[in-house]
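Now for the letters of each chain:
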Amino acid sequence: MSANAVPLLEVRDLGKRFGGLTALSGVSFSVAAGETVGVMGANGAGKTTLFSLIAGNARPSSGTITLDGRRIDGLSPDRICRLGVARTFQIVKPFPGLTVLENLRTAAMFGRVALADRGRADRHAMAVLDEIGMIELASAPAATLTLAGQKRLEVARAIATGARIVLLDEVMAGLTATEVAQMLETLRRMRDSRGLTLIVIEHVMQALMKLCARIVVLHHGERIAEGTPEAIGRDERVLSVYFGAAAA
Amino acid sequence: MATTATRGWLGVGIVGVALLAALPFFANPYLVATGLTLLMWLALTQSWCVLSKMTGYVSLGHVVFYGIGAYLVVITWQSWPLPLAIAAAGALAALFAVVIGLPVLRVRGPYFVILTFGIAELVKYSILAGEAASGTASRILFGAPDLLVIYFAMFALAAAATLLLVLVSRSRFGQGLRSLRENEEAAETLGVPVVRYKLLAFVLSAAIPGMVGAVMALRSTYFVVGQVFDPMISVTVIAMALLGGGDDARGPILGTLFLFILSEVLWVRAPLAYMLILGAVLAGFVLLAPGGILGIVDSLRARRVRSA
Chain Y
871 MSANAVPLLE
881 VRDLGKRFGG
891 LTALSGVSFS
901 VAAGETVGVM
911 GANGAGKTTL
921 FSLIAGNARP
931 SSGTITLDGR
941 RIDGLSPDRI
951 CRLGVARTFQ
961 IVKPFPGLTV
971 LENLRTAAMF
981 GRVALADRGR
991 ADRHAMAVLD
1001 EIGMIELASA
1011 PAATLTLAGQ
1021 KRLEVARAIA
1031 TGARIVLLDE
1041 VMAGLTATEV
1051 AQMLETLRRM
1061 RDSRGLTLIV
1071 IEHVMQALMK
1081 LCARIVVLHH
1091 GERIAEGTPE
1101 AIGRDERVLS
1111 VYFGAAAA
Chain L
95 MATTATRGWL
105 GVGIVGVALL
115 AALPFFANPY
125 LVATGLTLLM
135 WLALTQSWCV
145 LSKMTGYVSL
155 GHVVFYGIGA
165 YLVVITWQSW
175 PLPLAIAAAG
185 ALAALFAVVI
195 GLPVLRVRGP
205 YFVILTFGIA
215 ELVKYSILAG
225 EAASGTASRI
235 LFGAPDLLVI
245 YFAMFALAAA
255 ATLLLVLVSR
265 SRFGQGLRSL
275 RENEEAAETL
285 GVPVVRYKLL
295 AFVLSAAIPG
305 MVGAVMALRS
315 TYFVVGQVFD
325 PMISVTVIAM
335 ALLGGGDDAR
345 GPILGTLFLF
355 ILSEVLWVRA
365 PLAYMLILGA
375 VLAGFVLLAP
385 GGILGIVDSL
395 RARRVRSA
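In order, the protein sequence lines correspond to chains Y and L. Residue numbers for the first sequence follow our numbering, so the first one is 871 and each next one is one higher. Residue numbers for the second sequence follow our numbering, so the first one is 95 and each next one is one higher.
For the record, the hints were derived by calculation from the structure and aren't laboratory data. Just so you know, these numbers come straight off a predicted model, no measurement behind them. All residues carry an ideal CB built from backbone N, CA and C; glycine is no exception. Accuracy of the hints is not assured; some may be wrong.
Covered stretches of chain Y (in silico footprint by chain L; criterion: 3 or more residues with CB under 8 Å from a CB of chain L, positions within the stretch not fixed) [to be verified]:
no. : region
1   : 936-948
2   : 957-966
3   : 981-987
To give a feel for the contact side, a few chain L residues facing chain Y, derived at Cβ under 7 Å [unchecked claim]:
no. : residue
4   : 169
5   : 173
6   : 273
7   : 282
8   : 287
Please put together the full structure from these sequences, using the hints given.
Here you go:
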């Protein structure tokens, strides 16, 4: 990323308080188009809150979020989605009574691609399902999928909106080693074929290292480190947070 | 396969519409009045489904729109031309839905159910109090139009409500409503403007019941507040929708027909056991066939396809 290029997404001094609890405070970072940035931190570090603020599911208490030079903080989730930001949910939220294809149809009809015609929306959705390897599940009710299947559906649905930025919230948590490898492969392939920008929350460190060129570390709602995976692995503050003061 | 099924439904629909349209020309007044009641339930149930089946927001107070419509016709009686009063009844019901919609649609599940019931009762007792204060607790309407006119007005409303649900069910709007029914937060995050859509569904589901109430007020010629705001109307509509099943226009048709014919038969044949049997049928459906009649029909068809 050149120094004077406008970043695709810029988060500045972002803060969120829930009553007396500060979930996030003074967090700043930016993401260039095509980049894959990891977000790590212990439970309660504010990772999911960060996603909720960017996607509009929650309103920031302070700070700004800028997409392509345009302020998006405080907009409703549906408007932010139409502007090109999609997210997945750590606790999956499929439309259980609808089929897999119908799940994606909503994304294609209402997301950034906004394909109002059902036939066109379905063709777009089927292309995404094909690419993610779920085409044979198109007419299965979402409720019948395994956890791994539902995590894949979350990803497929987010991508089917035609988003430029996809926020992936622990899409590999709870998967077997083989499934993690498959998901990694799929994510990399779809990122490259569609030119997606990814922001990834993950506890599976190995996955984060493989996928991301840069990692932001949160602790108690604050950004304590940012850098390449190697640099993060050597960072004293990160080590002390993760392994206690003795390790530092 | 889907096309033969669609053609089958279409055929049944055309025969039904023709039968109901021709009814007043060959049947006696009792049968015409019965047909009118059937059409009324059909119009109300289709309208209710536009909100409650499509979005999962179960309204237990839909009678409020019916009552408001009826009341408007009564207080404008012989000062406004009837077609205007009926149209205004629909507009007033829709307006009321806009006003209460934004706060009411913020709550989901049982809270929404209780809230809609409470609002309907609140409106009922407010109007009752007003009528009592002005000494007009009941009114007689002289010069109401002929049964035939009322019948065809209701026929038009039932057709309109059915068409509305068909259109909503097949549209992008309907896709958005189904999605928010299944998971509101996910729908919103995928670009569905949920607040606007819920409100629009609420308003659409209110307008026709307002006009139905207005037309039915002409039928009874004698106006009692408690009657046009009777909570049993709301409950019956829900029962018909549940019995029908599904979330398109076929369910309300099946459910309305089934419950209506069943209660007519029971009323004549077993007046004492009437409510007992009706209750048992409802409980049986909820426990054994939660998908309603449509669910049974679809699973039978699926079985036939598999064995063929």
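Here is what the structure says about each hint:
no., hint, verdict
1, 936-948, "holds (count 3)"
2, 957-966, "holds (count 6)"
3, 981-987, "holds (count 4)"
4, 169, "violated, 40 Å"
5, 173, "violated, 45 Å"
6, 273, "holds, 4 Å"
7, 282, "holds, 5 Å"
8, 287, "holds, 5 Å"
Checked against the numbered hints given earlier, the structure breaks hints 4, 5 and satisfies all the rest.
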